[in-house]
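Novice: Protein sequence lines, in the order shown, are assigned to chains V and X.
All residue numbers for the first sequence refer to our numbering, where the first residue is 1016 and numbers rise by one.
All residue numbers for the second sequence refer to our numbering, where the first residue is 1066 and numbers rise by one.
Don't read these hints as lab results, they were simulated from the structure.
For clarity, every value in this text was computed on a predicted model and none was experimentally measured.
There's no promise every hint is true.
Claimed, not checked - Facing chain V, a subset of chain X residues (Cβ under 10 Å, in silico): (1) A1098; (2) E1135; (3) E1341; (4) F1384; (5) C1459; (6) G1500; (7) P1501; (8) I1533; (9) V1544; (10) D1677; (11) Q1678; (12) K1680; (13) C1681; (14) I1682.
Here a beta-carbon is modelled for each residue, glycine too, at the ideal position from N, C-alpha and C.
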Amino acid sequence: MSEAQAIRTDQTDEVDFVELDTMIDKEFSKDKENLIMILQAIQRRYNYLPKPALTYLSAKIGVPYSKIYEVATFYSTFSLEPRGRNIISICLGTACHVRGAERVRERLHESLNIADGQTTDDGRFTLESVRCIGCCSLGPVMKVNEDMHGRIATDEVEKVLGQYE
Amino acid sequence: MKIQSLEDLKTISQKTRGSIYHPNTIKVNIGMASCGIAAGARASFDKAEAAFSGDDGITICQTGCIGFCEQEPLVEILADGKPRVMYKNITEEKIVDAIEDYRQGLFEKKKWILGQMRKPLGIMEDGTENPVAKVSPHEGIPFLEEIPFYSKQVKIALRNCGYIDPDTIDEYIARGGYSALLKALKKMKAKEIIDEVKASGLRGRGGGGFPTGIKWATCAKHDGERSIICNADEGDPGAYMDRSILEGDPHSVIEGMLIAAVAIGSSHGYIYVRNEYPLAVKRLITAIKQAEGYGLLGDGIAGTDFCFTIKISTGAGAFVCGESTALMASLEGKVGRPRAKYVHTVEKGFRDGPTNLNNVETYANVPPIIIKGGAWYAGMGTEHSKGTKVFSLCGKINNTGLVEVPMGVSLREIVFELGNGVPKKKKFKAVQTGGPSGGCIPEKFLDLPVDYQRLAEVGSIMGSGGMIVMDQDTCMVDVARYFLDFLKEESCGQCNPCREGIKQMLDILTDICAGKGKKGDIELLEELGSMVQRFSLCGLGTAAPNPVLTTILYFRDEYEAHIKDKKCPAGVCKALFHYDIDADACTGCGLCAKKCPQDAIAGKKKEPHQLDQDKCIKCGICYDACKFDAIAIR
Ligand SMILES: Cc1cc2nc3c(=O)[nH]c(=O)nc-3n(C[C@H](O)[C@H](O)[C@H](O)COP(=O)(O)O)c2cc1C
Ligand code: SF4
Ligand code: FES
């Protein structure tokens, strides 16, 4: 498994099949059991799961496309649509919930003018909600890309967003 | 080097002990688990490294979660012959000054100092001389062991978290690590290992509480390609002990799995880590590589013919994959749908072979049990719940953090002594245990001891150890709605009672929270709840109604206030309350007016302000900001 990389921003439907092929062979030994981790690697590379990559993967490891689609839609981390340059994960876990995460989320909705799972028109942000990132003691918690922001007050949301282009 | 014997471990241990207990420089241990990093520990670390690079007198090191998350970033500074001092809230602006304060022996930054350590020994090293016994403590600094947060703690699963650098196997070994493996491998028969675990009374820490020794024995009985799996999916929101153990002491889990493998007879191990824990994965990968380097994983372990490999798999954001059969399906690269357990996974699990699945904390407890014996472990706790349990204190509590206490300690002690009660003098309402499968325990049961049976008697469960404290500002109807909303998203959808039942219950609760509750709703919720409990396939469904049923049981008045009076007493359900300014309490400081994003508050300086209901969106910013409790919920 490769180490988490920074999110790539050069989104494109053009899939580098040679690179994909090598990755499936080398990192995941073409093993069906690694399907979920292969999808994660594809998503790290393209920031979402481009369909051409999935059809290629299907033929390569011999799993029907319908099964791949099933897995990609069952697990909540996967996105079949391109996502924004910055991914915001607002924690809606219980500890954050009782400390007002819902209000923070509403604030995000308002200032970005998008709902959960959506991307802003300028492609700057995608808003996702997660249920606990394991930093409950610092709730409410919000993660932007790989940066964790703890104890955020409702009126600090804009300041945090301002740090990301 | 390949480790062959206890002697080899001793050599490494003696070499490394110095740096843990008698460093020849000033050693600065910065708590660098995810929570510490989120609080700014990485910046402090970088700052310290830059400031003291080239300074031979200071070594900057990382360690895992020190536990007292509320005070993070935590930094422990030690030097041979001086007290070990824990500094709190050491952000990058403070780190250099804190280190200088220690170096000069001033200890003047009293407000930054949490305490000094009297006994820095963990559970593995009984009999070893107390390394700081000869150091005279510094006067005027409290002892950590006497601070309520630490005083009742007994660290077994967390024995190394915050003491060692998790990326250095030698430090694990220096604290007694891998000696349990060598003992199990070379001196014990498989049955003796299992008997020891049985005698310890250790029960699964993942939620179900199944006796670990019995699980191992049953798995060992079945023939086939046996697998050992570690459940590190930790889906229960509000629980993060597994993350802390993996990030702070990954080898303890690896060693626990190895011992299980020796006892059960398996050569394949898997750790299923949730996707949200990238740092845990990184530390595990490092740990596995180091263990392989020492010949503690792989072929011919410690010179015997025992082989064992560990593969790490990451989840992809599905709570249900914490359930054993779903987890195994997910490990096989499939969707994580639970299956009926007519045939148990110990007989036919992963790849249809006999499979032993345990939780992270369960495995972490195993090495000390092997070293010190089952009887020692069983000497702690209550009749049915032995040993210690790690809890994560979060929500409306002053001391958030991880605590490990012997079973049988009361909830009141945990919440009010270790946790130091509810912040801002608000009133305690309930403590939620067991996550979405658990329940809310009201004040009247706070004297209950933590014990599998006793928590079940009041409608909750031990669960994985998340304890979320709720105060007067938490609406219990909203909490019930919240959990169902969570479970509706997470239900795998294959059985009707769970998929549809949860949705129907959620619809009713959403209506109640929106002021559209009707007479009979409570009874209908109870009826639906009992149906979902009885007819769902897996634990997600059968336990899903628990948060609703316990809140109805203990907080029925809140439900009735919502339904009959159309009021949300806690001020959470937006349709059922409004904010108002209490003219008697308002000092006219103007803080709320400045903060309100809608400009809904106005007034003259030093005179009571007014709130315009038409503009107010009930974001609560003023309520949180007011220092005089002048924003009232009506
Ligand atoms: C819906 C559901 C979610 C679960 N999530 C977890 C989890 O995140 N971590 C865990 O260790 N056990 C979880 N469990 C319990 C596991 O099924 C299993 O009992 C446990 O991992 C066994 O290990 P133990 O005996 O060491 O506790 C979950 C169970 C259910 C029904
Ligand atoms: S009870 Fe719910 S989560 Fe469990 S198998 Fe049935 S539908 Fe899936
Ligand atoms: S509940 Fe938000 S991080 Fe755990």
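Novice: Kindly indicate which numbered hints from before are broken by the structure, ordering the numbers from low to high.
Specialist: 10, 11, 12, 13
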